Amino acid sequence: MAEEKKVEYLELIYDLIFVYIIGRNNSLLQNIRYGFITGQAFLIYVFCSLAIIQIWNFSTFYMNMYGRNSVRDHVFLFINMYLLYYVGAGIRLQWRKYQLQFHLAWGLILINIGIQYLIELRHHRGEAEAVRTIRGMATALFGEAAIVLAAIPAAGVNADLARVIAGAAVLYGILATWFLAGHSRTSQVDFNHLSERAMLYVVFTFGEMIIAVASYFDEGFDRSVLYFSLMCFLIVAGLFMSYEILYNKILNRDRETSGMNYMMIHIFLIFSMNNITTSLEFMRNVNVSLWPKTLFLIGAFLLYFVCLFALLNYAKEGMEECRRFLLPILGLSAAFAVLMILFREKMYVNILVSVLYVYAIFLAIYRFGRKVSQAESGGQSL
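Quick note, the sequence shown lines up with residues 3 to 384 if you use our numbering.
Just so you know, these hints were derived from the structure itself, not from any lab.
Nothing here was measured: the structure is a model prediction, and the numbers come from that model.
Fair warning: there could be bad hints in the mix.
Said to hold, decoys possible - Label pairs and their in silico Cβ distance ranges:
#1 Val308 <-> Gly25: 39 to 47 Å
#2 Leu292 <-> Pro155: 40 to 48 Å
#3 Gly128 <-> Ala337: 55 to 63 Å
#4 Gly25 <-> Arg372: 20 to 28 Å
#5 Ser217 <-> Arg127: 49 to 57 Å
What the hints assert, rightly or not - No farther apart than 27 Å at their CA atoms in a straight line, the calculated lysine-lysine pairs in the BS3-like style are these:
#6 Lys348 <-> Lys7
#7 Lys318 <-> Lys8
#8 Lys318 <-> Lys99
We put the beta carbon where it would ideally sit given N, CA and C, even for glycine.
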């Protein structure tokens, strides 16, 4: 039996740079004009969110499959950490002024990871499936890097053209990895390690939510502050516990899988969490109009739980029957959306509805987790 791969300190240090970038990226959503986030700020935010999480995704896959905590791993990863500072510094509303360093650093990071795959080829001669995967990942990385670098001269001609090209690069990376996942016949990933890395990134993102809750305490001390800060804290705790139970009780971390779809789900899960963080900050912001504020919050919550339930595809064997609770959840989600819209002018009701929705789903996941535990111990059949 192969030795279980553990998350190395090197990987944890590398992940910390993304905490800095998450904060910078979320700050884009504070550009409010005419009652909501400006269209330019929101598009840059969406694009940067997907690009950054994708970089982390590519790095994580390489370390999972071929990382040895070697000197070479340290050198290549620290180079990428340094380049990520330039990417982070380029995340701002005046994106055009910083597009050169942003695209150049982004492209070099992708090339860096691609080179690591090519170096790895020498260790897998005669292993047809491994060679195919390595070449596929290298092709995806170098292809995306070429598109990213093409945005640099394009920006000198037209800034909008550069944005389209950069967006195409992200889309290419997503489609290339999906294609590779669909044509992978055997598993080369350590899913236990991969799922743990994804969990740690989720935990870091929850850290940003906790910071958002802290902003409520800067407004003095009265009943309103106490109420909203408590409700906000309960939301964060409920979201966290829902993911915690799924990860600890429900997820089959020993299964054989390419892991690519699992990580793709996490890209959008983390994106939704960033949106929830901003939505909680908007709750008491009178400069944000009610309609967009409410719809943004509804969309963020729904995306989070859609991604969470999509992870049930990785539940332990024999637990498929428990998906029958998804139909009531759909009805609950529809009721949540309707109530949020109806009470959009009463934020104190809105945030209470959000808490009730989060904990209703948490209880459903908790019951599912208990059934899984009982089935494993032989205490109760499903």
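Q: Against the earlier hints, flag every one the structure doesn't satisfy and list their numbers going up.
A: Numbers 1, 4, 6, 8, in rising order.
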